[in-house]
Amino acid sequence: MTPPVYGLMAEFESPAELLRATRRAYSDGYRRMDAYSPFPVEHLPEALGVHKDYVNLITLAGGILGGLTAYGLQWWINTIAYPLNIGGRPATASSPGVQYAGI
Amino acid sequence: MAEVREGEIMNVQHGRPAVLLPGHDYGTITDKISGIVFSAHTPIAWWFAFFPALALIGLLGIAATYLFYQGVGIWGIEIPVAWGFAIINFVWWIGIGHAGTLISAILLLLKQSWRNSINRFAEAMTLFAVMCAGMYPIFHLGRPWLAYWLFPYPNTMTVWPQFRSPLVWDVFAVSTYFTISLLFWYTGLVPDLATLRDSARNRWAKMIYGMLALGWRGSARHWKRYESAYLFLAGLATPLVLSVHTVVSFDFSIAILPGWHATIFPPYFVAGAVFSGFAMVLILAIPIRRVYGLQDVITMRHLDNCAKVMLATGLIVAYGYFAEVFFSWYGANPYEKYITWNRAHGPYAAVYWATILCNVAIPQLLWLRKVRFSPVRLFFVSLVVLMGMWFERVMIVVISLHHDFLPSSWGIYIPTRWDWAIFFGTIGFFLAAFLLFIRLLPMISIFEMRHLVRETTEEAKLL
Numbered sequence: 652m653t654p655p656v657y658g659l660m661a662e663f664e665s666p667a668e669l670l671r672a673t674r675r676a677y678s679d680g681y682r683r684m685d686a687y688s689p690f691p692v693e694h695l696p697e698a699l700g701v702h703k704d705y706v707n708l709i710t711l712a713g714g715i716l717g718g719l720t721a722y723g724l725q726w727w728i729n730t731i732a733y734p735l736n737i738g739g740r741p742a743t744a745s746s747p748g749v750q751y752a753g754i
Numbered sequence: 006m007a008e009v010r011e012g013e014i015m016n017v018q019h020g021r022p023a024v025l026l027p028g029h030d031y032g033t034i035t036d037k038i039s040g041i042v043f044s045a046h047t048p049i050a051w052w053f054a055f056f057p058a059l060a061l062i063g064l065l066g067i068a069a070t071y072l073f074y075q076g077v078g079i080w081g082i083e084i085p086v087a088w089g090f091a092i093i094n095f096v097w098w099i100g101i102g103h104a105g106t107l108i109s110a111i112l113l114l115l116k117q118s119w120r121n122s123i124n125r126f127a128e129a130m131t132l133f134a135v136m137c138a139g140m141y142p143i144f145h146l147g148r149p150w151l152a153y154w155l156f157p158y159p160n161t162m163t164v165w166p167q168f169r170s171p172l173v174w175d176v177f178a179v180s181t182y183f184t185i186s187l188l189f190w191y192t193g194l195v196p197d198l199a200t201l202r203d204s205a206r207n208r209w210a211k212m213i214y215g216m217l218a219l220g221w222r223g224s225a226r227h228w229k230r231y232e233s234a235y236l237f238l239a240g241l242a243t244p245l246v247l248s249v250h251t252v253v254s255f256d257f258s259i260a261i262l263p264g265w266h267a268t269i270f271p272p273y274f275v276a277g278a279v280f281s282g283f284a285m286v287l288i289l290a291i292p293i294r295r296v297y298g299l300q301d302v303i304t305m306r307h308l309d310n311c312a313k314v315m316l317a318t319g320l321i322v323a324y325g326y327f328a329e330v331f332f333s334w335y336g337a338n339p340y341e342k343y344i345t346w347n348r349a350h351g352p353y354a355a356v357y358w359a360t361i362l363c364n365v366a367i368p369q370l371l372w373l374r375k376v377r378f379s380p381v382r383l384f385f386v387s388l389v390v391l392m393g394m395w396f397e398r399v400m401i402v403v404i405s406l407h408h409d410f411l412p413s414s415w416g417i418y419i420p421t422r423w424d425w426a427i428f429f430g431t432i433g434f435f436l437a438a439f440l441l442f443i444r445l446l447p448m449i450s451i452f453e454m455r456h457l458v459r460e461t462t463e464e465a466k467l468l
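Just so you know, the sequences run in chain order A and B.
Quick note on the numbering used here: the first sequence kicks off at 652 and runs consecutively.
Quick note on the numbering used here: the second sequence kicks off at 6 and runs consecutively.
If you're looking for bench data, these hints aren't it; they were derived computationally from the structure.
Predicted model, so just to flag it, every value in this text is computed and none were measured.
Virtual Cβ for every residue (Gly too), placed ideally from N, Cα, C.
A portion of the hints provided could be inaccurate.
Taking beta-carbon pairs under 7 Å as the criterion, some of the chain B residues facing chain A (in silico) [as the list claims (entries may be wrong)]:
id : residue
1  : TRP88
2  : ARG169
3  : ARG202
4  : ASP203
5  : TRP221
6  : GLY223
7  : ALA225
8  : ARG230
9  : SER233
10 : TYR235
11 : TYR343
12 : TRP346
13 : ARG455
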């Protein structure tokens, strides 16, 4: 008796063939599949049915959080924790330094 | 003649040398680049560069130890010139780093495919240059062991940093710059580290590259996330190209000293930074492609493009010099007028004229195709530019400080041997770090080159 088929692997000569085969497999209803390539191949993730990644959302959240933290910390230090009178400038005047250390 | 023997000028694409010379497929390009890392044979030229670099690191160690023991009095700094070499070299090194970020981030966003073979080592150059730069403000603190006081952290003294101080801006500008550059460089390395892991024979190499590769398998899902992450990092790094050196220029321009208090400073500093950075890229690329035989990957096209960027930014720098002279005349401020006169005729006139010669006059040679297409000539022009940019920082820092408003407080600054020891020591550190990088990691992005192979073969099919 033959063991049940766990999976199937195939190798392709060119990115175009890989892409064609992936599209064909997807349209035939296969979903649990992956494609490996030594460099990014355009449209391949879409052909596999991967449309979304969350990198952009994570970056945005990190950027907003980092920016608010950096500004908030400076504001708190300059006005509440340790106000310094530098030439009579308003205490909230912030530095033009690079304030985001995003991600 | 070297330039004729290279014979690559012949390989022309739309009238210009190709980004990648033909004859490569995915396998050969991988073997060629990873072969440099895996080869048991280290080129003799590598050792010839590495040993002097190590000796210079030793010098740096001695000079830094004595500095920490004795204090900054061992340097030539004395009121009124309290800044001296530490700030000159800080600005010089951090400027050199800018080319790496420009190549990797801005040229990526502009889809310049020629960046692919030089971005990796330009980024490494950025990292090491920023490390060298970062040493100087700490050395200059007088009590370097208290450098962490610059960070905002809750402490028993209940003291917080002064965010309107340029010293604090520098801390954040440089540390942000370093973090982003490191992330960018490492993110770019991950797929290549996986390639090294897969082809390494040595057990330790397999393990180390494997751990660094973070389980990269080259799945389409990986690539998708990877590409967005890389693009975001590029987007985040792009403003840094402009902002870091702008903050550095603010260190000067927020002071009221004649020669510093100028609105031209940020663009003038950024252009100067890119100018010196590309000079350093060429100085590193030209010997590397010769020693490792990478002329088919780092082609004349790359050298030509770098030379053109150098020429363009050099002209902006020249405009900056012109604008300074013009404003000192047009502004009718006697002190500004004096500083211009003092630069050209005072005790440091030689520095000023050396700056003009190295940064304005000699780079005009880059208009000539004969110079841009000769690696040897290009190497010497780049060396001159790098020296010129160093002279420029001497001019800005020392000449403005040594004669300010009050003649009774004038003075003269002469660097001591310890100033020079630390300067050459950081050059040694930079070189040694860079040499280790090209020995241990792929200095050219392998997967981006594979992509380039595909693009060039497809172009060839279309023709």
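Discussion item. Checking hints one by one. Is ARG169 (chain B) an interface residue toward chain A, by the C-beta closer than 7 Å rule?
Written reply: holds, 5 Å
Worksheet item: With 7 Å as the cut and Cβ atoms as the points, is ARG455 (chain B) at the interface with chain A?
Response: ARG455 (chain B) check passes; min Cβ-Cβ to chain A is 4 Å, inside 7 Å.
Worksheet entry | Restraint outcome when TRP221 (chain B) is required to lie within 7 Å of chain A by C-beta distance | Since the shortest Cβ distance to chain A is 10 Å, the answer is violated.
Worksheet item: Holds or violated: is there a CB of chain A closer than 7 Å to the CB of TYR235 (chain B)?
Response: It is violated, given that the least Cβ distance between TYR235 (chain B) and chain A is near 9 Å, above 7 Å.
Worksheet item: Is the hint on ARG230 (chain B) kept, meaning its closest Cβ partner in chain A is under 7 Å away?
Response: holds, 5 Å
Worksheet item: Are ASP203 (chain B) and chain A close enough, Cβ to Cβ, to be under 7 Å, as the hint says?
Response: violated, 10 Å
Practice prompt. Classify the hint on ALA225 (chain B) as holds or violated, based on whether any CB of chain A lies nearer than 7 Å to its CB.
Written response: holds, 4 Å
Discussion item. Please check whether SER233 (chain B) passes as an interface residue: C-beta within 7 Å of a C-beta belonging to chain A.
Written reply: holds, 4 Å
Worksheet entry | chain A contact restraint on TYR343 (chain B) - CB to CB distance below 7 Å | Hint on TYR343 (chain B): violated, closest Cβ of chain A at ~26 Å, above 7 Å.
Worksheet entry | TRP346 (chain B) as an interface hint toward chain A, with CB separation required under 7 Å | violated, 31 Å
Fill in: Satisfaction of the GLY223 (chain B) interface hint, Cβ to chain A closer than 7 Å
Since chain A brings a Cβ to about 5 Å from GLY223 (chain B), closer than 7 Å, the hint holds.
Worksheet item: Was the hint right that ARG202 (chain B) lines chain A, CB cutoff 7 Å?
Response: violated, 13 Å
Hint compliance for this structure: hints 1, 3, 4, 5, 10, 11, 12 are not met, and every other hint is.
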